[in-house]
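For the record, the sequence lines run as chains B, H, U, D, Z and Y. Quick note: the first sequence uses our numbering, first residue 1, plus one each step. Quick note: the second sequence uses our numbering, first residue 1, plus one each step. Quick note: the third sequence uses our numbering, first residue 1, plus one each step. Quick note: the fourth sequence uses our numbering, first residue 1, plus one each step. Quick note: the fifth sequence uses our numbering, first residue 1, plus one each step. Quick note: the sixth sequence uses our numbering, first residue 1, plus one each step.
Derived from the structure by calculation, the hints contain no laboratory data. A couple of the hints might just be wrong.
[Unchecked claim] Listed next, the in silico DSS-like pairs over lysine-lysine satisfying Cα-Cα at most 27 Å (straight line):
1) D/K335 to D/K315
2) Z/K28 to B/K107
3) H/K84 to Z/K90
No experiment lies behind these values; they were computed from the predicted model shown.
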Amino acid sequence: MQWVQLGYLLPLIIVGAGAIMLMLLSPLEKVSMERFSLFTFLILLSALSADFYYFGELFTSFPMQEIFSKMLIVDSYSVYFDAIILSGALVTSLIGTHYFQEKRHFKKEFFSLFLFSVFGMMLLVHANELLTAFIALEIASLALYVMIGFQKIHDKRVEASYQYLVLGSISGAFFLLGSAFIYAGLGTTILGDMGKTLDALMGKDVSLIIIGGTFVLVTFLFKISAFPFQNWTIDVYDGSPLPVTAFMAATFKVAIFGFVLRLMLIDLDPIRDIWDTLFIVVILATLLYGTFLAIIQESLKRMLAASSIVHTGYLLIAFVSIGYAGESASSSIIYYLVAYFLSAMGAFGLISYIAADEHIRVTYEDFRGFAHVHPYMAAMLSIFMLSLAGIPSTIGFVGKFYIFTGAIEAGYTFLAVCGIIATFISIYYYFKLIALMYFYPACESEWDDVPSLRGITPITIGFIAIAVIWGGIGNTFIAYFPGVDFLIESARLSYMSLFIK
Amino acid sequence: MTDILFVLLSFFAIIGALGMVSLHQPVHSALSLILTIIALSGLFALLSASFLFMVQIIIYAGAILTLFIFIIMFLNVKEANLPKEPNKNLTLFLGSLALLPLNFLILRAFYKMPLLTAPLEHDFGKIKPLGMELFTKWLLPFELISILLLVALIGAVVFGRKDEA
Amino acid sequence: MSIGILSIIIFLPMVTAFLLMLIPLPSRPTRNVAFGVSLAIFALALYIYTHFELTGALQFKEFYPWIKSYGISYSLGIDGFSLIILMLIATLIPSAYLLLWKNERSKSYWINMLFIQSGISGTLFSLDLFLFYFFWEAMLLPVFMIIGLFGSGNRVFSTLKITIYTIMGSLFMFVSILYLGVAHYYEFGLWSFALSDLVNITSIARDQKILLFFGFMLAFAIKIPLFPFHSWLLQTYSNSPTGGVFLLSSIMAKLGVYALVRFMIPLFPDLFVEFSLYFVALGIFGLVYFGIAAISQMNIKKMFAYSSASHLGFITAGVFALNVQGMMGSAFLIVAHAIATGGLFLLVGVMERHLGIRSISGLGGIATKAPWFTLYFAIMLFCTVGIPGTNGFVAELLIVLGIFHYNPYLGVLSALTVLVAASYMFWVFQKAILVKSDNNVSHMKDLSRHEIVGLFPLAFLILAMGVYPDLFLYKIEPTLQHYLLDILHVGVH
Amino acid sequence: MSTISIAVVIINVILALLFSLGAAPILVWIERRVAGLIQDRLGPNRCHINGIRLGGLIQSFADMLKLVFKEDFKAKAIQESFFFSLAPVIVFASAFLSFMVMPFADDLIINGERFIMQGLPMDLGVLWFLALAGLSVYGIMLGGWSSRNKYSLLGAMRAGAQVISYEAAMGLSVVSVLITYGSIHLGDIVAYQGQLLFGFIPAWGIIIQPIAALIFIITAFAEANRTPFDLAEGESEIVGGFHTEYSAMRFGLFFVGEYVAMSASSALIVTLFLGGYHLPYLNTQTLQAYMPFILMVLIVALPLGSWSAMRWIQKHNRWHKANDIRNHESAFLQKGLIGLNVLVIAGVGALLVLGLSETSTNVATAVIQIATFALKLLFMNFVFVWVRWTLPRFRYDQLQTLGWKVLMPLAIANIFISAIIVVARGL
Amino acid sequence: MIANSLFMYIAVGMILFSIGLLGVISRKNIFVIYMSIELMLNAINLIFVALSNYHHDMGSQVMAMLVIAIAAAEAGVFLSLIIVLYRRKKSLDSDIFRTLSQKEAV
Amino acid sequence: MGIKIVPRHGNTLKEKLYLPAIFGGMKTTLSHLITNLSDTPEIKTINYPEEQPHDISERYRGVHRLTKRDDGSVRCVACFMCATACPAECIFIEAEERNDGVDEKMPKRFDIDLLECVFCGACVEACPCDAIRMDSGIFSFIGKKREDFVLSKEQLLANEEKKA
């Protein structure tokens, strides 16, 4: 029975239907914002639990093949990414609760858009066809554009939205052009078939596919803000509301990687090494320029935005290593995505919690002596900074360990060294914050407005902080509790599921 | 006959596009773009994509660009509010020079491809087979487009509505 | 699952520190608890010392898998060389508590001290390179905090500087470790980062091996610090609080040397031999260079900083001398210098607390005001200089001998340069302590009871080791024999 | 291409021209006369050519002439003179072209060759209409914008927003119709409507798809900018809307274009919902089968009809002054009618006597169908006029509310229902 | 003969695409920028349709239709955003939207 | 004064549908159309030039006229009251001495520009000596030039009172 196969799509269906339901509910006056937060949370939670039903299983299938005709795929890989995206969304909804309620101008439609964008991201991971993927990407992006510009009264929100929209559209056009060329060369846009056709073509002229693939990669590089296309990142991240920034930085990137990894591993595999040189240049430039940008920022939010560029560079290191060390490199990407997701989410979430009140600024200087007033918050923030910097005992360290191991395994020791150099420079801008928070006497008055640690948001952030530590040191000491090994194993499993025929 | 049509239509398409990027007034640009779009729809017809030919005119020329021109006129932009672009033509020229190699590369890849000579089925590009294709193989993207449009709709409402407070 | 004694040594301070963080105790009880912990660890260390067997093998091993998919394990063990340093730590840290008994009022100071102790022990015991790196970096954070929180001057800058500097070095080491792991995987099809597994690697080409060697070397050189990598040193030492300087100079710098011996010798035995000449030379050059630099310093803290660096260059030279004398001398000098420099820095801290100045020119005539202070100061200083009767003398003698065996010219050179140290140390002693000056040193008070008690073991050790060195050397000798004969294959001359 | 095919093509084009462009003066006349009669007054009835007034129809031609010869005035403030001149052309051309695909009759078969009876033999059908309806708004918007007149601009804006919003509902209503008919080709649609529903009701669109018909008619009003949706002109509040600044033939093109558009809308309504060129109960096959009988009925019916028309003319077509030249008109018209009768009866009689060949049957069928179509078209146009003089103009917000909140959901619901029924029947 | 060659269609498509790209890069008027993006999408449509003819596969005509729909969706959001921007800034100059790069809080 | 809330009508389904009402309206107009086409038209229009209006009231303000005294001379004394009262300022008077002893002044010129005039009758009201009236009954004044519409004293005097 093919209807049974819909069960595979259950998380997707729940999120999509939930989004539409919230949209329909939004004109009702009776339902309050708090209720909407709760609904969002519940929808995401149920989707996540539906997703975990298949988690850790090795399988691959095309649900409803007669109707959807291989445009949609469900395998362990997508289930794994679904889990990351959904937990990212879940965390966003939790840490955003406080922010959305403090800041005015967040209407109920926001939650609907939020779910739509989660839907788009999940779809992107499930997409098995270029155009479908593009539509999924557009659903996610359009929802994000609107979410960014939701608070129309702030100029910077609208401008960020505009900037992102323009650049996103251009990159989308490149994606389409790339798809057209790939289609020109291969005569199909379905992912598995493309790979087969390409295999058959090997030895002949594949320049069209190369050009097309390059254009698709341009979009990819843009969306993950790699070097020549990184300019938007800081401004857009800066202009966005903080939880949205967190969502964008952590979750969206995951989804994009989810799709492009699939594309690269399954379909463009025979000609992938063509882009290696390009990628190496991109990585070097990304690391260099991102680091430079991060150093010169004064605002914490902008620094985190710039640092996300650097993290993109690390991810790309693993990406380029896939060619020679497929398994460990791709699972290292997947692991690092989780690591970055947790750390960035925590950092952005905490700052959003602190900055929930309109007139508190979030530049470095504003954190002078923060630790003496709010020791727990400062401790959590330090943990996130350490994790972003990749200091041992945090998940960020383990993530970097895998990335660099993968790179060395693939023979790119040189890139690993570059990554290392970027890392130790990054110490400067992460530790600067810690230094400022701890090493200066507190100026009491400035921090009176910061809310005390109460409510769902700080608890969530606290859990993230614990998860960050646990991801760095956790293992199987505690029986049946997922630790580092569990994450790696499931990442490997999901990688393997790509190659089941 | 088709050759002449092709040359003419391409000429208009390119002229329209050039006008679009180089004219100062947004209305003029938009009208040039309409020229391009209509010429493109003619090219679609030449490629025996008759349904797409209609769709192009109905959706692009009839809806999207109408909306566009509507908004341009609606905002009633004064000359003073238009950006000053003193170096526009220079940048356009330099940019086109920069894009030449890219185009050359791409076109060279296509140059080797055989011509389209094989005769097409008589109902190629007609609405019925196209509909069959759309609602069987491409059903999922089609459905997803509806969600995309829904998101865009919400977005437009969010941006368009008045701020209270 | 049983927890071994080494794990207890590592985790007791850490757990205590976490508990103290959570329990809202005031500063004074915290200090008492921390001191208690350090005494407990001293007791455990004594237990280990007594039960240590006289072989070169690793003992008190512990092994638990950690990250199975990459073959990373939590494996601990000690050999003779570690033992010496363990004992050193176990002795020095309680003394430091006593010296710092009154002056540091903040609770977090003590907590950080506990963390540092944990980190140091972890680094000392790790047999897995991943674990080693883990502790190596983790050790840095509390140092960062302690300097940043309690330092003086431009402390934020200097903390950032030392952090970035050391992390830079250690990250290169990290890459090298990863490279070794990958090489092991390629050669044996298994992931492992255990030292015992990694030494089996044969597949790495020489060029890569050299790079890896220097990757490790960089981390250790920065930590020690060897000559070109010392620029963090000055500012950090002068801006750090007493405790921080004490830990940095007397313990953490020695860990660099320790790691050099512990990891580089088994991993790159051939390269170790091959490059030894350069490093001996570099060590001696450091000795001279830092010595001269020390002379030109007016700040007493900076001067000791350079002198410390100069000795560490000497120690390094001894390690690379490739014979048992040199190496044993180094081990001995590690202990001697740790004690002496640590003591000196603590004393300078006392002086600074009373007088508030560090410039040598501002001092003078302390001897009359503070006799106990002068006594201890003199002992420590003599030890540093290597006056016969102190352990410094024995150590330096051994090293010079070792280097002489290694290369007679260098040996002569090193013997001469030791004199340089003597000259400026005496000059300081004379200028700051003895000579009466017009400057106002009236605020100077003599040492308190805690401080006297705290410094006594140090002074005792200095003299005891100087008089009867064998007592301390016999435990380490098999280990060094093992290193030299079994691994480096160089005979004992 | 044979001579006949060329002839048929030419005839088709001429017919299309006649129905659209040629209908414009008649429509103007109808509009004015009907307006007058509805409001208890006379319409224009004086203008004459040698006494022949044709009930005032000549007035329309006179107005045309006036517009052609009037001074072509352009205000100095108008800078975009190219677009200013282009705008009426777009309106006119798109309306005119949209008429071109309406089938006037069933496919004509002459000597085994099949001819599609449309101005432009395209099979795009209703899409073509939608496309050109969408394009025509450019004319209005450009005209209003290039006039540099705030009233014109307002009118243009109104027209633009109106057309965009109603196009959606129109397209959706068409979709449900297409689902029912199963084809997009207008010929197929009309052929479908030649059937009988339950054996006795003509399967016209308005009976099968009443809601779609209603929505389509309403939106067609809006697309054609006719009252009650003529806010673009809104002479009471914005002077004349988009064509305030226009004069002479430029205005004339707008003016004619509006009627052509109305005519085109009517033609599409007729085609989609009123059975197209079919006489009720007489689809093409029946017509061809019973052709002699039908011709005989024609021979009887035509004189009867003419006779009552003549009676009416005699009674009403009097002039006040006895010696006015216009008094001759009555007699002229009567003579004309008699002449027409004689001609038709003679022709038909000759056909009947000589016996009907297949070709002549086909041609006769086509002629009858064209006549039917013309009558239906005229009726629909009359409805347009009738509604105009009955209903008041909408307020702008009401217009948009109607479009988005009523028509659109209704159309979507209708699609659902139609689809369900169609699928259920198909199963 | 010319109209029969895939190359010519691709060439026209690429020329249009490049012009669109140029417009995005070199113009400051936000309207023109967006129209350029639309032009790019149109050029891609032309390529898709030409390829459909080439491959005898109507799938890519469907793709072109989907692209049109995507363009419509983007147009909706973009135009509403432009209205918001123009109302706030009273300018169509994309260079004016520089609040972000200014060093400002929140 | 308060706000009077008028209950909203049209809440029944039939009324909300609007269509019955629309069809009702169309029925009304159609019935008018048919009646007017039939033998018994209700058309009120007169065919003007041929048929003249027959129902002009006596108080209808037509074109002005200047009244005369019994001796046939102009009654106007050129007091400018009418010109002052005129809202459209369409009366131009030039006075001159009246030497015949009947009165002191009389207009030398008395022009009314009918293109300016709004036919309000203010001048008639203002006139102290009933010299200007608008009871000529002329409702349609025809001219071929602008100048034709400026009525001079003579023309005004020539206008006769409309006879009932």
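Hints, one by one, checked against the model:
| no. | hint | verdict |
| --- | --- | --- |
| 1 | D/K335 to D/K315 | 16 Å, holds |
| 2 | Z/K28 to B/K107 | 32 Å, violated |
| 3 | H/K84 to Z/K90 | 14 Å, holds |
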